[in-house]
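Here the protein sequences come in this chain order: A and B. Residue numbers for the first sequence follow this note's numbering, so the first one is 1071 and each next one is one higher. Residue numbers for the second sequence follow this note's numbering, so the first one is 1247 and each next one is one higher.
These aren't lab readings, by the way, just hints derived from the structure by calculation. Hints are not guaranteed to be accurate.
[Unchecked claim] Among the chain A residues that face chain B by a calculated CB cut under 7 angstroms, a handful are:
id, residue
1, Pro-1169
2, Met-1174
3, His-1224
4, Leu-1380
Where is the CB? At the ideal position from N, CA and C, for every residue including glycine.
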Amino acid sequence: MYEFQYTKAGDVGQAVASVSPTGAKFVAGGTTLIDLMKLEVERPKLLVDINGLPLDRIESEGDGLKIGAMVRNSDLAHDEKVQQMYPVLSQALLSGASPQLRNMATTGGNLLQRTRCYYFRDVNYPCNKRTPGSGCSAMDGFNRIHAVLGTSAHCIATHPSDMCVAMMALGATIFVTGSKGERSIPITKFYLLPGSTPDRENVLAPGEIITHVTLSPPAQNAKSHYLKRRDRASYEFALASAAVIVELDGRKIRKAQVAMGGVGTIPWRSPEAEHELAGTEASERNFQKAAEAALRGAKAHKDNGFKIELAKRTLVRALQTVTQA
Amino acid sequence: MKEDSPDEPAKSGKSDSSTKSASQLSRRTFLGNIATVGIATTAGPLLQVGELEAQQVHQPTTDVAEAPTSAGTVPVSLKINGQTKNLQIEPRVTLLDALREHLSLFGTKKGCDHGQCGACTVHVNGRRVNSCLTFAIMHQGDEITTVEGLAKNGELHPIQAAFLEHDAFQCGYCTSGQIMSAVALLKEPCGKDDDAIRECMSGNICRCGAYMNIVAAVRSVRGA
């Protein structure tokens, strides 16, 4: 690991001021950053420790919820309000990582989780995300875990987070503070597709810090569910996952919100599937039509073609589960 | 470890202990030093620095780009198993390395060093964490408990006793991490059945495959 300097911020203003030098980074839970520092993928010159910031509360905001950026994954997952109002979020969080890591990982940090692409994580390989313009080793390499949606000729790395898939389905709003003040960003506008600049993963400006996330009140009669498919029963990243929120009127679907994980270069919201489901009967046939719509633009590479069918079945199963009486 | 230059670490800081002092040594010198330390038990880089006073607050320079490449060591005060320990270490020393390499608390194990195996599990303010994925300097003021701190007045923690009773290990390398996880699990919202125990213990990998007996040990303490 390369050397770095360390400072601890006491409030948000101090954090933003401290992180202004080139090469400075925030550290919260550290579960992604310190891992990547050991691999020398990340080489910050200064770490600004934000663990002392008063951003660790989960509060009601109107009929919705305000979640501080420093709220740990385990606390968010086990929060009574979250379990009651947004089961999909609690389920997604508990399906990710291990109890130890969930005790460390934060809400803000998880929104910025980096890909598990082997080539991104190994500095001996070219990678456009890590070293722009160096090439993509996954494209013709071993790409079983890679994305089938949102890919480009420059990057097929999968976004690894479970929490973000639930947040994407819920349509969370992300609040950030920078040297120019505060602003809010809908999560659907937060992530950037790789395109020709896979090193740019989101719309955060340099030095901006995520302070909190808000969730709209859940609709009446809405039910939600997260289903994750992976190589082992626990402590493994998704090969495919689905976060679904469905408002039912009898057996009729009034509205559906659908996001997919493990298959996209970003947490993947599917307006196509939602459109397909809206106003239809909750039936396997309609779920399958939605799944076809969700994966219509999917592009397989050498080893990950199986994900397309797996993702469809995952979505169908998730919809079956959530619409069960 | 890279194979191209067996006697020299390929790059600064690539060594297991992630400390500058170790990385600048060849493997031969490093092994020689271990022998010296073993015989003389002098305070070397592998041993506790001693009771240093916290003389100064570390202040980063404002222009990091022009800062010298060596950040150097800083005073770090840790509270471990109820005792305050003052260290002089680099910010890049993980909590795991601080425990093992600077405080001679070898009960906490280094497995993968990337948060994938759980061997390094300790408690920070009563919650279990992977000590390999956090820097020691980030834990000043925290209450840290390692496996050495579980027994009270010579009495094993019930989980420790249950691991012995149920033969919940073979080689023992993952055991302290398993025990730290199991102790934490008792206070966490974890379901009642064995599947829930398995899920709650899934952050700890056992290469020997002692899982059945680990689950039995945890079950016996929970009284399920």
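Hints, verified against the model:
no. : hint     : in the structure
1   : Pro-1169 : holds (5 angstroms)
2   : Met-1174 : holds (5 angstroms)
3   : His-1224 : violated (27 angstroms)
4   : Leu-1380 : violated (22 angstroms)
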